[in-house]
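Protein chains: 4
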Amino acid sequence: MGAGSQKIINDPVYGFITIDSPLILELIRHPFFQRLRRIQQMGFAHLVYPGAVHTRLHHALGAYHLMGNALNTLKTKGIEISESESLGARAAILLHDAGHSPFSHSLENKLIDIQHETVSLQIMQQLNKELDGQLTTAINIFTDRYPKRFLHQLVSGQLDVDRMDYLNRDSFFTGVSEGVIGYDRILHMLTVHHGELMVQEKGIYSIEKFLVARRLMYWQVYLHKTVVSAESMLVKIIQRAKERIAFGEHLYSGSSALDYFLSHSPKDPLEYLELFGLLDDYDVMGALKLWMNHEDKVLSILSSMLINRRLLKVRLQAEPFDEKMLEFHRAHAMRTLNLNAGEAAYFVFNGEHANTTYNPEDEKINILFKDNSIRDISQVDNALISRSLATAVKKFYICYVA
Amino acid sequence: MGAGSQKIINDPVYGFITIDSPLILELIRHPFFQRLRRIQQMGFAHLVYPGAVHTRLHHALGAYHLMGNALNTLKTKGIEISESESLGARAAILLHDAGHSPFSHSLENKLIDIQHETVSLQIMQQLNKELDGQLTTAINIFTDRYPKRFLHQLVSGQLDVDRMDYLNRDSFFTGVSEGVIGYDRILHMLTVHHGELMVQEKGIYSIEKFLVARRLMYWQVYLHKTVVSAESMLVKIIQRAKERIAFGEHLYSGSSALDYFLSHSPKDPLEYLELFGLLDDYDVMGALKLWMNHEDKVLSILSSMLINRRLLKVRLQAEPFDEKMLEFHRAHAMRTLNLNAGEAAYFVFNGEHANTTYNPEDEKINILFKDNSIRDISQVDNALISRSLATAVKKFYICYVA
Amino acid sequence: MGAGSQKIINDPVYGFITIDSPLILELIRHPFFQRLRRIQQMGFAHLVYPGAVHTRLHHALGAYHLMGNALNTLKTKGIEISESESLGARAAILLHDAGHSPFSHSLENKLIDIQHETVSLQIMQQLNKELDGQLTTAINIFTDRYPKRFLHQLVSGQLDVDRMDYLNRDSFFTGVSEGVIGYDRILHMLTVHHGELMVQEKGIYSIEKFLVARRLMYWQVYLHKTVVSAESMLVKIIQRAKERIAFGEHLYSGSSALDYFLSHSPKDPLEYLELFGLLDDYDVMGALKLWMNHEDKVLSILSSMLINRRLLKVRLQAEPFDEKMLEFHRAHAMRTLNLNAGEAAYFVFNGEHANTTYNPEDEKINILFKDNSIRDISQVDNALISRSLATAVKKFYICYVA
Amino acid sequence: MGAGSQKIINDPVYGFITIDSPLILELIRHPFFQRLRRIQQMGFAHLVYPGAVHTRLHHALGAYHLMGNALNTLKTKGIEISESESLGARAAILLHDAGHSPFSHSLENKLIDIQHETVSLQIMQQLNKELDGQLTTAINIFTDRYPKRFLHQLVSGQLDVDRMDYLNRDSFFTGVSEGVIGYDRILHMLTVHHGELMVQEKGIYSIEKFLVARRLMYWQVYLHKTVVSAESMLVKIIQRAKERIAFGEHLYSGSSALDYFLSHSPKDPLEYLELFGLLDDYDVMGALKLWMNHEDKVLSILSSMLINRRLLKVRLQAEPFDEKMLEFHRAHAMRTLNLNAGEAAYFVFNGEHANTTYNPEDEKINILFKDNSIRDISQVDNALISRSLATAVKKFYICYVA
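Same order as they appear, the protein sequences are chains U, W, G and F. FYI, our numbering numbers position 166 of the first sequence as 166, with every residue one higher than the one before it. Throughout, our numbering is defined as the position within the second sequence, counted from one, plus 1000. Throughout, our numbering is defined as the position within the third sequence, counted from one, plus 2000. Throughout, our numbering is defined as the position within the fourth sequence, counted from one, plus 3000.
So that you can see chain U by itself, here it is in the shape it has in the complex (with noise of 0.2 Å):
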C-alpha cells in the first residue's frame, strides 16, 4: 500500500485494488484483520497444489473488490445504495470471515465449537464498540436485518462475492483453469428486482458455469483425497490433544492462545475473544513441530506424518465403508507401528464428505426474464442444473496406514 489516504494493492487476481475510506483502511489495519494474513485460505490444500498458499486476508481483500463492483453495476442500473449502504455492506464483507479457525475449514468446529460466522459477528460487534457504532449498518447486513435485503445476499447467499472471489481465487492459485469462472460477466448481469438479488436471463449460462465451476472444485480440491486425508490427521491430532488434555495430563503447543482453546469450550465471547485474536496457523504448526518428540505415538507419529508429508493412505467410493475394512487396516496399523487399539483408532478411520452442486431448497438463484418473469435456474428452458443435481453427492472416504 502507498502512502496517503487511498491505498492501491497489487492483487494477481484482479490488477489493482484501492481503498478509499478511511473506515476500511483503519478495519485492514486492525490486528483481528491483520490475524487473517496469518491462515491459509485453503488450508492443507498446498499438499497437493502447491500454489495454494494465499490467505484469508487475502480473499477478504478480493471480496472487497467484487462488492465494490457488483454495487456500482447496480447503481449504473438504477438501483438505489446510499454511500453509507455501500460501506456496510464493503465492509461487512471485509470481516465476514474474520472468524476463522487456523486452517480456515480444516479445524472448523474442532478446536472451537463455535460457527466461524458466530464469531465473525462477534468480532463485528467488539469493533463497532471501539469504533463508536461506525459498524452497525455492516453489522445489521451481515446478519440480515436490514431492509434491503439483496446487500445482504451479495455477502451471503448463493451469489455472493465470497464465492465468487473463493473460486477465482482458488483457481488462481492452485492453476485448475477449470474453476475459472465468468465473474465480470456474472456482476455485469446481476439486478434487484422486489428487493433481491436477481439475474439477468442473458447471464444464465454464466451461472450455470458458475455452478459446473464450483462442483468440480469441490470434487477436484477442496475434497481432493490427499487433502482429505491430510485435513483428517489434523483433525484427529488436535482431538487426541483434547483428549489428552481432559484426562488431565499436561500437554503443551507451545503457545498460550492454543493452550487455552485446547483446554477450554468457552461461550462468552468476552472470555476467549482476545486469545482468539492471536490463535492462527503459526501456533498449530508450532504443536505440531514440538510434538513430533512427545511421548504420545498418536502425537508424535501423527505430527511427524503430516509435518513429512507422509500421508496416510486413503480411498474414496460411493458406498460407505464395511466395518470389516476398518477392522482389518486397525489390526495392520496396531501391528506396523505397535499401536494398541485406542491408538490405531486415530490411524484408520473413515468418514463422509457431501456437496450439492445446487439446492432450490436453500435460497435460489433468480432468474428475471425481459417480460418481469422470474424462474429459478433449475426451472429455465433446457437447463443444466436439473433438479438431480438438488441431492447433496455424498462420498465415503477411509484413512489407513500403508
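Calculated directly from the structure, the hints in this document are not laboratory data. What you are looking at is a predicted structure, and each value in this text was computed from that prediction instead of being measured. Treat the hints with caution; some may be incorrect.
What the hints assert, rightly or not - List of simulated lysine to any residue pairs, SDA-like, C-alpha gap at most 20 Å:
no., chain 1, residue 1, chain 2, residue 2
1, U, Lys202, U, Asn69
2, F, Lys3007, U, Leu47
3, W, Lys1007, F, Lys3370
4, F, Lys3007, W, Met1292
On the provided structure of chain U, position chains W, G and F as indicated by the hints.
Just chains W, G and F now, kept in the frame of chain U:
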C-alpha cells in the same frame, strides 16, 4: 518462424508451437494451407466479440500443437505410436479444415454444396500426389480406415484436439473466460483401451466442464443472436446472387473464383479445386462492397447493412414463430424499404438452430475406471451430464427490419 | 454489444469495455468507425505472429477504455475534469486513428499522400457537422488547442493511452509476453502539474519498463525482418500500380475506391473523404488476388508471392548495404525471374528503419518528485534510459530474390 | 501429485510440472525438501504484495521444470547431454535452495552465519550418502567441477533457471506484471559454444528485457521500502535475542531448533544439519508471537509491531543519512517508547542496499552471433545495458519510530 529446419511460432494461446518435421513445414508453406490465413475462424462473431478475428490457419496450427501433446502423453503411458503414425496424425489434423469455405461455418453448404470435410479430403488427396504418397497414413487416419482407431478419434471425435483447440482459442480471442477448458488436464487424462480413446477416472470433472464450456460457447457466442443475424444476412446475399445468376443475369463479384462458385455446382474436385484454393473471405467481402451499389435492392441494401453493421433485428425463442408474425414483418419491410413481396423475403425470415450438449448415441466419451470397467460420461455416479442433455436444444429465430 | 443505452463489450485484453454515452455509441455505429473493423492493426505482422490479426477498431475501443480509466484516476487525485471535457477526450481517442489507410502503417503516405492524423481530423470535422458541433471539444483536444494540455497529452504524447493500448494489445495478440507493460500501474501514477501530464516518483521503474517494452516490440515485432519484407513488397506493388496508371495503362483493382486513390492525389477532403470511407484492407487484398494473373510481371509475381507468403529474402544490418550487393542481387533476379533491369528494381531494393527509445528533445516524460521538483525520465538517479538512447537507432535492410 | 511413477503437479505459473524420475521423486519426498514448504520465497514482501506467500518448495519445483525445458532445447540443437547429466542438473537445481534459512534472504547470514549455498551443498552431500552416490554428478555440477560448464551455468549463472523461475514466479504471485520475462523465448535462444552457455543473436532484446525486469523487481518489490522496514525489524529482533542469550539470559523461542541456532554458531554440518532440517518460518513466527509479551521491551515492542504490521517508518534516498538525523530520531524514540539509548538503537537505525543491473566483471551474458563472433550483452550494437549500469546502485535507508 525462424530460420533452419526447426521453427517456433509464437502463439498467445499456448506460448510457442514447435514445428520440427520437414513434411509439416512443407504443408504449412503450401498455398492450400496459407489460404487459411484469409478465412476467419469465427465468421461474423467479431461483430459482437471484436477480438474474434483469428484465422483458420491459427486454429489448424493450434490443433496440430495439441495433437503433439496428446501423442506424447499416450506414449508416456506405454501406448505404441510409431513415428510415421505420429506424423500422419499431425498432418491429418493440420489439414482437417483445409476444405472450409469463406467465413467458415457461416457459408457451409451455401456457396459450395459439399461438406467441408469432403473438400479437406480432396485437398489431402491432391497434396498426397504432389508429395509422392507421404500423406497416405494421414488420409487413412482422417477417413477412419487406419487400424488404430484412437488416432482418428483424436482428429475427429467427441474429444478430438480440433474441439479442444477451438474452444481454447475462441474463448481466448473473444474474451469469454467461461469457455476456458482444462485442455492440459484432459490431455494428461487420455488413455487408450482396446484401441479406443478413453479418459481416466480422475478426468471426469474436467470432461463435464469441457461439455459445459462447449454448451456455453454455443449459445453465448457461436449462436449469439447478433451473430445469427449477420450470418443469415450473408447467406441471403449469396443466395440472392446465385438466383440472379441462375436467372441469367450478368452479375459479377469482382473475383473470378467467386464468380465460378456462384454460377456452378461442380462435383468433381478436378474441376474446382484449383479455383477453391483462391477462394476466401476477401472475395466475399469484396463482392459485398461492390454490391453495395448494385441496382438489385436486395443485394445493395443487405450488403450495405452488413458492411456497416446495421443488422437485421433478431428475436430468439424456444418455440417456432407464428406465420402471422412473419407476414406482419414482411408487410412492414415492404413499406419501409419499398420492396416487393419476393424481395421482402430476404429481409424477413425465420429459422432454427440446434445444439446437443452431449449425445451418447453418437460416439461416446468413455471413462476408464481403475478396475478397468468402462462407463459413458453420462452414466458415471452423480453425472452432471444427464440423459436429459442428450436431446438437441432447438432455438428458433426470426430476422426482420426494424 | 447488448441492447439499451449502456453497452458492455467483451475484450480479451481488459475484460469488459463499458460504453455509457449516447454520443460515443453514435460514433461507434458510424460507418467511418465501423470501417476500422476492416483494417488490421498490425499490417502483415501476422505472417510472423499468426495471432496478430486484430483490428484498428479493437485498438480504438481499447484506447477509449484506458482514457476513461486515466481520467478517473486523475479525478480521484483532485484534478478538475468536467463531464464535457471527459467526453471530448474519449471521443478524440476513439477517432484518433480513423484516418488510417489500409494495412495501417504499412501503406502510410504510400497510397494517399496525407498523414493519417490529418485524415483523422478531417473525419472528425465532417462528423462534427453531422453531429451539430458535439465534437468541438474533442477536436480542440485532438489538435492541442484546448487549454488543459494534459487532455491532449493523454491522446497524443509520450505517455498517451494510444501507445499504452497498442503495446498491451499487440503484445497480447502476438503472444510476445515481453511487450507486457504495467499500464494499470502507470495509469495510477499519472498526475497533472502546472497543467501538464506527469508521473509520480513511484512510477519511475514502470516508465522505464514501458520504454524498454516499446523498444523491444519495435525491433522484435514491428520491424521484424519478415514483416519488413512483406510490407516492402506491398509498397512496391502499390507503387508499380500507380506508375502503370500514371503511364496511361488501364489497370483496375476491382474496387472503385482503390482505383480512385491509385490514380488521384487529392488534397481536398471534400473530394476524397467519401471514397476513403470505403477503402480498406479488403480492397487491397482483392487487388492483389486479381493481379496475381496480371500480364505485368512485377504485379503478378509480387502479388502471388505475397498472397502465398513466398516472401523476398531480407537481411538486416547496422551499416548501409553496398551498392555492389544491390547490383549483384539485381542481376541474379533478372536471370532467375527473367526480368529487365527496371522490373528487377521492384524485387531487389534496400532501405532503412529507425527507432528512438526515448528522445527528450521531443515531448518529455516528466517525473514529479515528492518535493515538487521535476525531472525528465532520463535525468533521474541511476536512469536506465540514458542520453545514449536518445539517438535514433537505424537498421538497414536489403530485400532480394532467393 | 497423483499415484504411479509419473507425477504431474499443477502449477499456476507453468500449467503442469511433470516428474518422471524415481530419484527426483525420492528427493521431493525427503523431509529436507518438504521443509521448503514452510519457508516463504519472498520473506515479508507479502506485507506489501499480499499474494506473495509462495514457498521455496514451489520455486524449486519451478526451476526444476525450466531446467528440463532448457536441456530439451539444447539437445534439439545437437548439444550432447547424457541421461545422467540431465538427471544431475535437474537434481542440482531442485536442491539448490535447500539450505535457505527461515524467511529466505531476510535472515541470510543473520541466524546462521553460513551462506545458504554452502548449507545446500552440505544437504546434498548428506543426501548423497543416503542415496548411495546417486547425487555425485549433481554435486559436481552444483560446485562447478563438472567438465561441461554450461550445466553449472544453468544452475547458477547470469542466465540460470533459478533467476528465470523466481522472476516469473515472484511476478506472478505479487501481480507485478512488469516483472514478466519472456522465459520461454530465452530458453529457446540458449545455445552452447566452446562449452559455455550463450544466447543466440535473436535473443538480444529478450535478454535486455530480462535484465530490466530484474532491475525493476529489485527496486519495486524486493527492496520496497516497507519490505526493507519489516525485514530489518526481523533482523533486529533476532539480533536482540542472540545478544540477550549471549549475556546469559534464559530466553526461549518455543522451538528447540531455533533455541539452538540462537545460542550456537556451529560450523560443522554434522553438528547442526539435523536441527537445521527442522528450522523454518513457523519457528521464527512462533517466537515472535511468544515474545510479544516478553519483559524485554525491544523484543516485545518490535515483535508486536511486526506481527500486527505496525512497521517502523522508513525513508530511502540516494545519499547516506546524516548522523544527526539518527540522533534526532533516537531521542524521539526514547521519549515516545520510554527506552534507553541502547534499546532505541533497535528502533532507529540506518543501512544500505545495493543492486547491479548487469556487471560484466562477473560472469558475462554472451551473445553468439551468426558469424560465430561473441559479444557481451553490454557490447552489442545500440545496447540498452550500457556500461553505466555496471556500477552497483546504492540506496540508503533509515528506519525510525513515527
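Quick one: which hint numbers does this structure break? Sort them smallest to largest. 4
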